[in-house]
Amino acid sequence: MGMNILIVDDSSVMRQMIIKALNMSGLPLGEIHQAGNGKEALELLDRHWVDLLILDINMPVMNGEEMMIEMKKNPAFGDIPVVVVSTEGSATRIERMKAMGALFVHKPFTPEIIRDTIRSLLITGDEP
Amino acid sequence: MTAGALNATLMEVASEMLESLAFMFSTPDTTDFDPPESDAFRIVTVEFDGPFSGALVLMAAEETLPELTASMLGVEETEISSEQKEDALKETLNVVCGNLLPRIAGKEAVFDIARPISMSRIELEALLQVRQPMAKVLLDLDAGSWMFWLFQRS
Numbered sequence: 001m002g003m004n005i006l007i008v009d010d011s012s013v014m015r016q017m018i019i020k021a022l023n024m025s026g027l028p029l030g031e032i033h034q035a036g037n038g039k040e041a042l043e044l045l046d047r048h049w050v051d052l053l054i055l056d057i058n059m060p061v062m063n064g065e066e067m068m069i070e071m072k073k074n075p076a077f078g079d080i081p082v083v084v085v086s087t088e089g090s091a092t093r094i095e096r097m098k099a100m101g102a103l104f105v106h107k108p109f110t111p112e113i114i115r116d117t118i119r120s121l122l123i124t125g126d127e128p
Numbered sequence: 129m130t131a132g133a134l135n136a137t138l139m140e141v142a143s144e145m146l147e148s149l150a151f152m153f154s155t156p157d158t159t160d161f162d163p164p165e166s167d168a169f170r171i172v173t174v175e176f177d178g179p180f181s182g183a184l185v186l187m188a189a190e191e192t193l194p195e196l197t198a199s200m201l202g203v204e205e206t207e208i209s210s211e212q213k214e215d216a217l218k219e220t221l222n223v224v225c226g227n228l229l230p231r232i233a234g235k236e237a238v239f240d241i242a243r244p245i246s247m248s249r250i251e252l253e254a255l256l257q258v259r260q261p262m263a264k265v266l267l268d269l270d271a272g273s274w275m276f277w278l279f280q281r282s
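So the protein lines, in turn, are chains B and R.
FYI, my numbering numbers position 68 of the first sequence as 68, with every residue one higher than the one before it.
To convert, take the position in the second sequence, counting from 1, and add 128; that gives my numbering.
Source of the hints: derived by calculation from the structure; they are not laboratory data.
Please read all numbers here as calculations on a predicted model, not as lab measurements.
Check the hints yourself; a few may be wrong.
[What the hints assert, rightly or not] Straight-line C-alpha distance at most 30 Å; calculated DSS-like pairs for lysine-lysine:
1. LYS235/R - LYS98/B
2. LYS235/R - LYS72/B
3. LYS235/R - LYS39/B
4. LYS213/R - LYS20/B
5. LYS39/B - LYS213/R
My request is simple: use the sequences and hints to build the entire structure.
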């Protein structure tokens, strides 16, 4: 059975690029859901089973860091694996996201980096 | 960082991001230029706040956008809408900005980057009248040129 994945990014082009990378990855895919900010994503999580979250940081309404903090408060969402895919260059903010259990992929990315990061997260929880 | 070093950093980051995002190769042209008179360009801007605050502006030749968008989305150039071209340009600017700021301010610096928005030619010219850019570069691509201006908010 394939993984259900929720992609959260305010750029529709970036969401499409991530879907393209996932399709090239060879990973078993189920349903792919999309949201434009953290608030929309939390609403989607209420309605759909998600195995993996791919999350941007800088977004309007609710950013990725705020969304992860909200997820950790909810036992139903707190254990969903998260890969942060962002242009974020601040080591301080990246460490804060990693401390909440996320792995980090820097934009721009290659499909191989997305694939290897997801594989390592699902198998060991460590970075590739 | 000196003005020359800022220009060089902006040029390097913009070229690297174009190559990584869309496999498009650019040649650094000049740092001495004004916005062209032609209407065949789109302008987008992104504001940021952090250890220093300001905006990065990109003016891109319309003819370069089909290749950029098709490459980013993995579709044929004939399948692309005007909205997708705009989104691809905004996302490219977002990625350039996100990678540029830590190279200027260091990896510990935390910046909040706003959502990129469209800008009119009149708005760009008005901005250039009242504010001197920290850095500016012109890149030559196969189908046209891209111009970047980095402004610091006072």
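Results for each hint:
1. LYS235/R - LYS98/B: Status holds; Cα separation ~16 Å.
2. LYS235/R - LYS72/B: OK: LYS235/R and LYS72/B at ~27 Å, within 30 Å.
3. LYS235/R - LYS39/B: Holds: LYS235/R and LYS39/B sit about 28 Å apart, inside 30 Å.
4. LYS213/R - LYS20/B: Answer holds: LYS213/R to LYS20/B is near 17 Å, not above 30 Å.
5. LYS39/B - LYS213/R: Judged against 30 Å, a Cα distance of about 26 Å means the pair holds.
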